[in-house]
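K.L.:
Sequence:
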Amino acid sequence: MALFTAAAMHDYDHPGRTNAFLVATKAPQAILYNDRSVLENHHAAASWNLFLSKPEYNFLSSLDEAEFRRFRYLVVELILATDLKRHFDFLVEFNAKAQP
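Residue numbers (the working numbering): 1 to 100.
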């Protein structure tokens, strides 16, 4: 369920610019997220703000606090993993873990 939620959220409110452009132009989002995975952090934050803004959007209301925190952690990590700048780091890590 976390993977499906992250897939739905991962490009929410995309401004049509790249991370590099936002950093180079000192865009407010780049400043807010300290030039690190700017778009991905924005997608996650904006999605969660929308999701939690109205009770009718919150399909997780039956989760207890620990379950909600775990679910949110997974969704945010999955969204942040979509930053292509980190792709090869993830690939190296995956291949290292996949080796017998």
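Please note: incorrect hints may appear among the correct ones.
Unchecked claim - EDC-like cross-link-like pairs, simulated, lysine to aspartate or glutamate; straight-line CA separation at most 20 angstroms:
id : residue 1 : residue 2
1  : K54       : D64
2  : K54       : E65
3  : K26       : D83
4  : K97       : E77
5  : K85       : D35
6  : K54       : D13
7  : K85       : D11
8  : K85       : D64
As the list claims (entries may be wrong) - What follows is a list of derived Cβ distance ranges for each label pair:
id : residue 1 : residue 2 : range
9  : A66       : A20       : 20 to 28 angstroms
10 : E56       : I31       : 16 to 24 angstroms
11 : A8        : L32       : 18 to 26 angstroms
12 : A24       : A66       : 12 to 20 angstroms
13 : D13       : K85       : 16 to 24 angstroms
14 : L32       : N95       : 28 to 36 angstroms
15 : S61       : Q99       : 22 to 30 angstroms
16 : R17       : A96       : 15 to 23 angstroms
17 : H87       : F4        : 19 to 27 angstroms
18 : T25       : R86       : 20 to 28 angstroms
Simulated from the structure, these hints should not be mistaken for lab results.
Beta carbons are placed, not taken as given, at the ideal position from N, Cα and C, and that holds for glycine.
K.L.:
Each of the hints needs a verdict: does it hold here or not?
P.N.:
How the hints compare with the structure:
1. K54 <-> D64: Holds - the C-alpha atoms of D64 and K54 are around 18 angstroms apart, at most 20 angstroms.
2. K54 <-> E65: Holds. K54 to E65 sits at ~18 angstroms (cutoff 20 angstroms).
3. K26 <-> D83: holds (18 angstroms)
4. K97 <-> E77: holds (18 angstroms)
5. K85 <-> D35: The hint holds at about 12 angstroms.
6. K54 <-> D13: holds (17 angstroms)
7. K85 <-> D11: Holds, at about 16 angstroms.
8. K85 <-> D64: Violated. K85 to D64 sits at ~35 angstroms, over the 20 angstroms cutoff.
9. A66 <-> A20: 20 to 28 angstroms: For A20 against A66, whose Cβ atoms are near 38 angstroms apart, the range 20 to 28 angstroms is violated.
10. E56 <-> I31: 16 to 24 angstroms: violated (33 angstroms)
11. A8 <-> L32: 18 to 26 angstroms: holds (23 angstroms)
12. A24 <-> A66: 12 to 20 angstroms: violated (41 angstroms)
13. D13 <-> K85: 16 to 24 angstroms: Given a distance of about 20 angstroms, which is inside 16 to 24 angstroms, the answer is holds.
14. L32 <-> N95: 28 to 36 angstroms: Holds, since L32 and N95 (Cβ atoms, about 33 angstroms apart) stay within the stated range.
15. S61 <-> Q99: 22 to 30 angstroms: violated (42 angstroms)
16. R17 <-> A96: 15 to 23 angstroms: violated (33 angstroms)
17. H87 <-> F4: 19 to 27 angstroms: The hinted range 19 to 27 angstroms holds for H87 and F4, with Cβ atoms some 21 angstroms apart.
18. T25 <-> R86: 20 to 28 angstroms: holds (21 angstroms)
Checked against the numbered hints above, the structure breaks hints 8, 9, 10, 12, 15, 16 and satisfies the rest.
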